[in-house]
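K.L.:
Here is what each chain is made of, one letter per residue.
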Amino acid sequence: MMTTVVIQTIARVVVPFLQLFGLYIIVHGPVSPGGGFQGGVIVGASMILLALSYDLSSAETKVSHKVRIAMDSTGALLFAGMGLLCLLVGGVFLEYGIIPLPMAPAEVRGLMILLVGVAIGIHIMALAASLFLHLAEEHDT
Amino acid sequence: MSVFLVIVLALCFTALLCTYRLISGPTLPDRIVAAQAITTKTLAILTLLAFMYEQMIFLDISLTYAVLAFLSVLAVARYLERGKVG
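Those sequence lines, one after another, are chains A and B.
The numbering of the first sequence is numbering that gives the first Met the number 0, which starts it at 0 and goes up by one.
The numbering of the second sequence is numbering that gives the first Met the number 0, which starts it at 0 and goes up by one.
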C-alpha cells in the first residue's frame, strides 16, 4: 500500500536537497562540525525517506543491493588504502603529514582528512540505507 | 538578559511540560505527538541560539535535526497504521 500524495510529493521534493546537504556536510568535514559519518547518514536517510514514503521496492530500484555492496566495499577499501599509503612512505597508519606531496604538511593533512571523509561518507551512505532496507525486508513475511 | 534568552528559557519550560506527557501518555500516539512537539521546540531553541551567539553553524545542526525528526515520525506513523515499517 502506498502513502498519501502529500507525503510522496514532499519526499520527491526533499530527497535531492537532502542528498545535496549530506554532500555539503561531507565536503565541509575538515572545517566545520560533521564529517564523513554524519553526511553519509544524511544521504542514507534520503533513501530511507524514499522507502518510507513510497515502498521498499522503489528504493531498491534506485540503489540496488549490488550497488550498495559495491559502495560499501569501495569506501572501506579507500579508507584502508589511504591509511596504508602512509605506511608505504614510512609513517604509521593514517599519519598524513609524511605523504610527499608538493604542499606544506598542514595542507597535505587537510587534503587527506577531506579524502578520508569522502571515503567514510561513501561507506556509510550505503550502510545506512542497507541497514534499513534489510531490516524492513526481514519483517515482510 | 536579552529577550532571546527569555524565549529560550520559556521554550525549555514548555518542553519539560511535554516530557510529562511523553512519560505518562496513556497511548502510543500521545507519546509520538509529545516527542514531535519537543523536537520542534528543540529546533526553535537551536535556531535562536545560533542567532544569539552568532554561530551560524548551529543552523546546519537544526536542519539535520528537522530531517531526522521528520523521518522518525513518518516511520512510527507507518508502523501504527500497518503494524510494520516499509
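Simulated from the structure, these hints should not be mistaken for lab results.
Keep in mind that a hint or two might mislead.
30 Å max Cα-Cα, derived BS3-like pairs, lysine-lysine [said to hold, decoys possible]:
hint, chain 1, residue 1, chain 2, residue 2
1, B, Lys83, B, Lys40
2, A, Lys61, B, Lys40
3, A, Lys65, B, Lys40
Derived contacts from chain B toward chain A, CB cut-off under 10 Å, selection only [said to hold, decoys possible]:
hint, residue
4, Val66
5, Leu67
6, Leu70
Heads up, the beta-carbon is just placed ideally off N, CA and C, and yes, glycines get one too.
K.L.:
Evaluate each hint against the coordinates.
P.N.:
We went through each hint and held it up to the structure:
| no. | hint | result |
| --- | --- | --- |
| 1 | Lys83(B) x Lys40(B) | holds, 29 Å |
| 2 | Lys61(A) x Lys40(B) | violated, 34 Å |
| 3 | Lys65(A) x Lys40(B) | violated, 41 Å |
| 4 | Val66 | holds, 6 Å |
| 5 | Leu67 | holds, 6 Å |
| 6 | Leu70 | holds, 6 Å |
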